[in-house]
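Participant: For reference, the chains in residue letters:
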Amino acid sequence: MMDDDDLDHMLRAARADTVPLGDGLRARILADAARRPAPAPKSGLLPAWLGGILGVPTAAALGLWIGVAQADLVLTYMPGTSISSEGEAALLDDVFGTAWIEGETG
Amino acid sequence: MTPAQDLTADPARAAEADLLARAGSGDDAAAAALLDRLGPRLMAFVVRMTAGDRALAEDIVQEAFLRLWKRAGDWDAGGAAQMSTWLGRVAANLAIDAKRRAARTQGMPETWDPADGTPSVEARMIRDERLSALDAALAALPDRQRQAVVLRHIEGYSNPDIAAMMGVGVEAVESLTARGKRRLAELMRDTKGGRDDG
Chain C
1 MMDDDDLDHM LRAARADTVP LGDGLRARIL ADAARRPAPA PKSGLLPAWL
51 GGILGVPTAA ALGLWIGVAQ ADLVLTYMPG TSISSEGEAA LLDDVFGTAW
101 IEGETG
Chain S
1 MTPAQDLTAD PARAAEADLL ARAGSGDDAA AAALLDRLGP RLMAFVVRMT
51 AGDRALAEDI VQEAFLRLWK RAGDWDAGGA AQMSTWLGRV AANLAIDAKR
101 RAARTQGMPE TWDPADGTPS VEARMIRDER LSALDAALAA LPDRQRQAVV
151 LRHIEGYSNP DIAAMMGVGV EAVESLTARG KRRLAELMRD TKGGRDDG
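Line by line, the protein sequences are chains C and S. Going by full-length UniProt numbering, the first sequence opens with residue 1, and the numbers climb by one from there. Going by full-length UniProt numbering, the second sequence opens with residue 1, and the numbers climb by one from there.
Simulated from the structure, these hints should not be mistaken for laboratory data. Note that the coordinates shown come from a computational prediction; the quantities given were computed from them, not determined experimentally. Among the hints, erroneous ones may be present.
[As the list claims (entries may be wrong)] Distance condition first, Cα-Cα at most 25 angstroms in a straight line; then the derived SDA-like pairs of lysine to any residue:
| id | chain 1 | residue 1 | chain 2 | residue 2 |
| --- | --- | --- | --- | --- |
| 1 | S | K181 | C | L25 |
| 2 | S | K181 | S | E171 |
| 3 | S | K70 | C | D5 |
| 4 | S | K70 | C | L25 |
| 5 | S | K70 | S | Q82 |
| 6 | S | K70 | C | A27 |
[What the hints assert, rightly or not] Cβ-Cβ distance ranges computed for the label pairs, FRET-style:
| id | chain 1 | residue 1 | chain 2 | residue 2 | range |
| --- | --- | --- | --- | --- | --- |
| 7 | S | R37 | C | P57 | 47 to 53 angstroms |
| 8 | S | G26 | C | A60 | 41 to 47 angstroms |
| 9 | S | R189 | C | R15 | 20 to 26 angstroms |
Glycine included, every Cβ here is placed at the ideal spot set by N, Cα and C.
Construct the complete structure from the given sequences, taking the supplied hints into account.
Facilitator: Dropping the structure here:
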C-alpha cells in the first residue's frame, strides 16, 4: 500500500521528468526565435536621465544670468514694462481704475 | 537564491543567460541549444498542469518561449529569477488562465479521462511506469486541486506564490493542496491495488 512517504518520493521524482517537444513544436518555437525583431539600438550618447540631471540646472542658471546680466533684453520682450500707445494707457486706466503713469508702481 | 554575485557560482545560470543573449542576436544554434535545455522539462510540467492536454500544453510552451525570446535583449542574468523558474511561472499562469477560460466558456468537466490518448504513445513509452500512474492520478483530480498539487509538491513553489498565480488566498491554496494530495494518495493506492490484484 502506498503511504505518504512513497507519494512524496514519487512527486519529487516527477520534478526531474521530461517530455520531448516533438519536431513540429520545436520548429515553431525556433521560428518564433528567428522572427523576433532585433532589439532597438541604444540611441544618443547620453542616457535620458543624465540629460535631465544636467539640463535642468543648466537651464535655471542660464535663465538667472539672462535676468540679471541682460535685464534690458528681458524688459524689451516683457509686456507692461513700457506703454507704447495711448490705447494701452487707456486700457490700463480702465483696468486699474486710476491714471496710469509710467514708472510709478506704488 | 541571491542575485548577481551567484552568477559566477552558478555556471548553468550563466550559460543559459549567454545562450539567450546569443539567441537574441540572431544565433539560431544558441536558440536551439537553449530550447533543448529548458523545453522538455517545461513540457513535462505543462502537460501535468493541463491534465495531459497535449495540444494546449504545446500552445502554452510555445507562448512561454515567445515571451522569453522577447526578453532576450534585457534579460537580467543576475536577477532573482532563474530562467527555468521564470519560464515555469509564465507557463503556470498561462495554464491556469487557459483552464479557467475553458471551464467558463465550454463548461468543461473538472476531470480528465486518462483514456483520452494523450500524452503521445511515444512519450508514454519513454516514461517510467510509476510516473505514468502518477500522471493518470493527477489528471483525475479537479483542475484547481491538480494545479495546486503540481505547483506545490512537484515544482516546489511556495504557497504565497501559488496563491498569486491562481488568484486565490493562501488558505485556499493550503486547502487545495491538502485535499488534492489526499485524493491523489487514494487514487494511487487504488491504481497500485488494482495492479497488485491483477
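Participant: Run through the hints listed earlier and report the numbers of any the structure violates, in increasing order.
Facilitator: 1, 3
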